[in-house]
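Novice: In order, the protein sequences belong to chains Z and Y.
Counting in the working numbering, the first sequence runs from 17 upward without gaps.
Counting in the working numbering, the second sequence runs from 8 upward without gaps.
It is possible that part of the hints are untrue.
[Claimed, not checked] Listed next, the in silico SDA-like pairs over lysine to any residue satisfying Cα-Cα at most 20 Å (straight line):
hint: 1; chain 1: Z; residue 1: Lys269; chain 2: Y; residue 2: Ile119
hint: 2; chain 1: Z; residue 1: Lys269; chain 2: Y; residue 2: Lys148
hint: 3; chain 1: Y; residue 1: Lys148; chain 2: Y; residue 2: Ala236
hint: 4; chain 1: Y; residue 1: Lys87; chain 2: Y; residue 2: Thr108
[As the list claims (entries may be wrong)] Computed footprint of chain Z on chain Y, listed as stretches where at least three residues anywhere in the stretch have a Cβ under 8 Å from a Cβ of chain Z:
hint: 5; stretch: 95-109
hint: 6; stretch: 256-264
[To be verified] Covered stretches of chain Z, going by a simulated chain Y footprint (3 or more residues, C-beta under 8 Å):
hint: 7; stretch: 132-138
hint: 8; stretch: 255-266
Since the hints were derived computationally from the structure, they do not count as laboratory data.
Nothing here was measured: the structure is a model prediction, and the numbers come from that model.
Using N, Cα and C, we set each Cβ at its ideal position, and we do this for glycine too.
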Amino acid sequence: MTIRSSRLTAPACVSARIVERELLAPDIVSVWLRAGRIAETIKPGQFVQIQIPDSRRDVSGAMRSTCPEPFLRRPLSIAQQRGNRIRLVFRVIGQGTARLAASRPGEEWNLLGPLGRPAPALRNRDVILVGGGIGIPPLLFLAERIAGANRVLALLGARNRPDLILRSEFRALRTKLALATDDGSLGRKGLVTDNLQSVVCNLQSELPPVVFACGPRPMLKRVKELTPGIESYAFWEERMGCGTGICYGCAVKRAGSNSYIRFCQEGPVLRLSEIEI
Amino acid sequence: MKLAVRIADVTFPNPILLASGTFGFGLEFPDVVRRLGGIVSKGITRKPRAGNPPPRIWETPGGIINSVGLENPGVDEFVKSILPALRFGRARVLVNVAGDTVDEYAEIIRRIDSDLVAGFELNVSCPNVRQGGIAFGQNPKLVARIVSAARRRTRKLLVTKLTANFVDPVLTARAAADEGSDAVSLINTLLALAFDAQGRPALGARTGGLSGPAIKPFALYCVQRVAQAIRIPVIGGGGIISGADVREFLNAGARLVQIGSVNLVDPYAGIRILEEFRAQLAE
């Protein structure tokens, strides 16, 4: 077990104003926030913890003496960053995300971040991104940062056309793009990993590609199966306590051992070969 | 204004401690630790412990249930690679000690011989381990044996962390005091069970311990009950999220408090709570 702090600086607690809010699908929300220091320092792979706003009190900071409800913050990854703004894209899955979805421009959220370790920096590599459903947003942030210095192929998949979000943003990057939907309403009918299988079967370049995947657990499992010997990473998602490494509440089984990875600290970007799915 | 609190030979700069298991070893946020009275480290066992399978955290109204299961590198690795880093100025470090057997408590303490450590908190109240933990803390005779063995090993501050689960903590507090414990802390977490939306146990370990504001009234009750019954100091905790909560625990008879779950919501909460408490005293 390694005990160390991987962050260069302590995370900031920032009161971030919502400047834009949009529904991308019936249950998928996109929010642009003015997030100051967090926006200026956050890197792909890192995330923020959001205090669920409560209409009963001032949300202008971390100063709070009443019991937050829901109690814990909600971890969200970054979809895009421009100057002092960040974009968060999330699906409404419970009472916390429902409250977040109800927020409107002008309201403020208390953000803690940047948290977690950034994805490894790359140069002059073939990079394959595999995004499933609500796993797509953090790969967009990564793609925007690495597209200039690498050759990026984005494989995106979702249940259906409306759920296949952020397509135009990926197109704007002029990276290669292959789409798949479960119902065939857009792109290949099938799974995003079917496209990955076609790609890895036809690999020719001398230097193998690097794979980054974010999506549901079965998708990550399949990516792991399809990429033996390839440097492949998961943007892991899991129920989290603190997000800052102090509670040991988020644990991912380390492959081939009886120990766990504190993934808010060592991750959330983890080598697929290191974890048991 | 005097905020410092002295227990046995140890002076805490202020009455706010970070509770064991809710702030790691303090190394992620050393500047927070430095401002407070001190930190109680994550529980240390004799051998390394992987901890419980995930999920380890479940949210409930006004709190959380956890079943981390004392994940820690074991006492030898702790002494080698963590202990030397535990320098937080005037803030005091207590090491939380969790044995599988009575003898292990004394053995762990024997191996941690460092001036960086002000004392030890004997964990006889963890709900998330199969051996020891809460089973010890429900039996005053076992508490007495553990405290007695630990007392023989160290002259440093000795705190016994008690449970209020299915035992009257007055009985175990008396046992601890009689064997030389310098203070008791309570109430740790309350045994808890939760199911997910599909009706399965929500935690990988099936059961866990409830903490957070939901347990505060019960914690206050226990603190007052124990403080009125014994002479050694009581360290109180359970759901503290504000300076006003700190004052309530002190009013109930606690000399020091521990803050826990709130650290998960805001790692800087300790500083805010101290400032709120200080402002209240000034009123």
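Novice: Each hint needs a verdict: does it hold in this structure or not?
Specialist: We went through each hint and held it up to the structure:
1. Z/Lys269 <-> Y/Ile119: Violated, at about 30 Å.
2. Z/Lys269 <-> Y/Lys148: violated, 38 Å
3. Y/Lys148 <-> Y/Ala236: holds, 18 Å
4. Y/Lys87 <-> Y/Thr108: violated, 23 Å
5. 95-109: violated (count 0)
6. 256-264: With 0 residues in contact (Cβ-Cβ under 8 Å with chain Z), the coverage given for the stretch 256-264 of chain Y is violated.
7. 132-138: That given contact is violated, which follows from only 0 residues of the stretch 132-138 of chain Z lying within Cβ reach (below 8 Å) of chain Y.
8. 255-266: holds (count 11)
Against the hints set out earlier in the document, violations occur for numbers 1, 2, 4, 5, 6, 7.
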